[in-house]
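Asks: Chain by chain, the residues:
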Amino acid sequence: MGKKCETIQPLITGFIDEELPADQQQDVAGHLEQCATCSELYRQERAVKEAVRENVRMAVTPVHLRQNIRSRISEAAASAPGFLKALQQVFSAYKLKSAFALTLLIIVAGMPYLRTGGLSSPHRAGQGEWIVMEGSAVCIDCELLKQKNHEGHHPHPGAHRTALRTKDGLIWSFLQTEQGIDLINNQNVLNKKIRVRGYRLQDQKYIEVEGFEII
Amino acid sequence: MSIGVMPIKLQETAMSSVNTREQEFSRIAFEHMDAIYSTALRLARNEQDAEDLVQDTYMRAFRFFDKFEPGTNFKAWLFKILTNTFINSYRKKTRQPQRVDFDKVSYALPEEEKTDNHVKESSPRNFNPELYRKLFDDQITDALDRLTDDFRLVVVLCDIHGFSYKEIADIIGTPIGTVMSRLSRARKILQKILEEYAAKEGFIKRRQAE
Chain A
1 MGKKCETIQP LITGFIDEEL PADQQQDVAG HLEQCATCSE LYRQERAVKE AVRENVRMAV
61 TPVHLRQNIR SRISEAAASA PGFLKALQQV FSAYKLKSAF ALTLLIIVAG MPYLRTGGLS
121 SPHRAGQGEW IVMEGSAVCI DCELLKQKNH EGHHPHPGAH RTALRTKDGL IWSFLQTEQG
181 IDLINNQNVL NKKIRVRGYR LQDQKYIEVE GFEII
Chain B
1 MSIGVMPIKL QETAMSSVNT REQEFSRIAF EHMDAIYSTA LRLARNEQDA EDLVQDTYMR
61 AFRFFDKFEP GTNFKAWLFK ILTNTFINSY RKKTRQPQRV DFDKVSYALP EEEKTDNHVK
121 ESSPRNFNPE LYRKLFDDQI TDALDRLTDD FRLVVVLCDI HGFSYKEIAD IIGTPIGTVM
181 SRLSRARKIL QKILEEYAAK EGFIKRRQAE
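Line by line, the protein sequences give chains A and B.
1 is the number of the first residue of the first sequence in the numbering used here; add one for each residue after it.
1 is the number of the first residue of the second sequence in the numbering used here; add one for each residue after it.
In short, the hints are calculated from the structure, not lab data.
Built from N, CA and C at the ideal position, the CB exists for glycine as well.
Just to be clear, a hint being listed does not mean it is correct.
Which residues of chain A face chain B? A partial, calculated answer using Cβ under 8 angstroms [unchecked claim]:
# : residue
1 : 51
2 : 59
3 : 61
4 : 160
5 : 192
Dumping the calculated BS3-like pairs for lysine-lysine here, alpha-carbon to alpha-carbon at most 27 angstroms [unchecked claim]:
#  : chain 1 : residue 1 : chain 2 : residue 2
6  : A       : 49        : B       : 166
7  : A       : 205       : A       : 146
8  : A       : 4         : B       : 75
9  : A       : 146       : A       : 167
10 : A       : 49        : B       : 192
11 : A       : 167       : A       : 205
12 : A       : 49        : B       : 67
13 : A       : 49        : A       : 4
14 : B       : 200       : A       : 49
15 : B       : 200       : A       : 205
If we strip away everything but chain A, and leave its shape as in the complex, we get (with noise of 0.2 angstroms):
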């Protein structure tokens, strides 16, 4: 093998992407059309990087994914605290990135000291109450479908979603924090007692789990 084949071989599969310097494509191209040994390499890549291309199909999302994804994404937007949506429209108004931020880390710097200061519960500035909830574990959409239709319900694609009723019936959902979204997606809870602690956000129907155990 040449000294030219050495510097080119390597170069090949930027060839056949287009990725390489104008210089350099130009090289390759004059070495493949004098070198056998080079063409030989470069045809059987292009081989390969075309049978991928032809034959490897595009899936269609499957019905039920893309719904599922549109009401977990509707349902976290309507969860996330109002309080900081707001701070955050009036800050972005006057395009005030780095003074949201700013004012942000000041409440979130202050919060330790707000839920271990003089305050009889941990309690943060505008986001809710602290609160310890009993009742069961059930799926959300389960319920909400059973809800929806008396004379029995088809099963819901898609895992179960874990949400608290409590004694008065009331459901309530768990805001997708990293302690929020364990919660959703353990299995092993559903249909058992559980105790939940966090903040209830003000109000709605839904809590930033902290912590939660079964009873």
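Place chain B on chain A using the hints.
Replies: This is chain B only, laid out in the frame that chain A set:
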């Protein structure tokens, strides 16, 4: 039993910003769902994990939507989240048996030998690029699935979705040179697998011991 009706006490300003963000996200993110799902299928290699992966990707993307810089490549940003999600949480619990690491098998040779060996091995006298056309598309997909994750990922991003090397480097977090060398090796391994299949189907004669 009753479900608590969501109180309409939310400040209207806050509510409208919620809607705008959700609508904006849905508008630009949902059109890429087939591409994301197709890639998730190739990464996870089974439908259930792929669906979970797509769902997690979209929830994460929505959560971090504020961090997306308008004017930059949104599709690449979404793929980056998909890739990170896969690497961080799915790779570990993959439900399929460990794949053969062709990289170790075929490339455990010193640098010079490797190249010489490669030239000899991959040049069967009757090689014809047309032979791949005779393979079924699921055989090609299957060959792709036999690559290790790193190799499969660059091939999917480059050859199926047409991302540039720079975009791929950004998505997988490596230098551009690494993208090119990985692609090059991945295609060589794929070529071997495809030749095996073609030989099995009788399209080319098995290589004689040379």
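Asks: Which of the listed hints are not met by the structure?
Replies: 4, 5, 8, 12, 15
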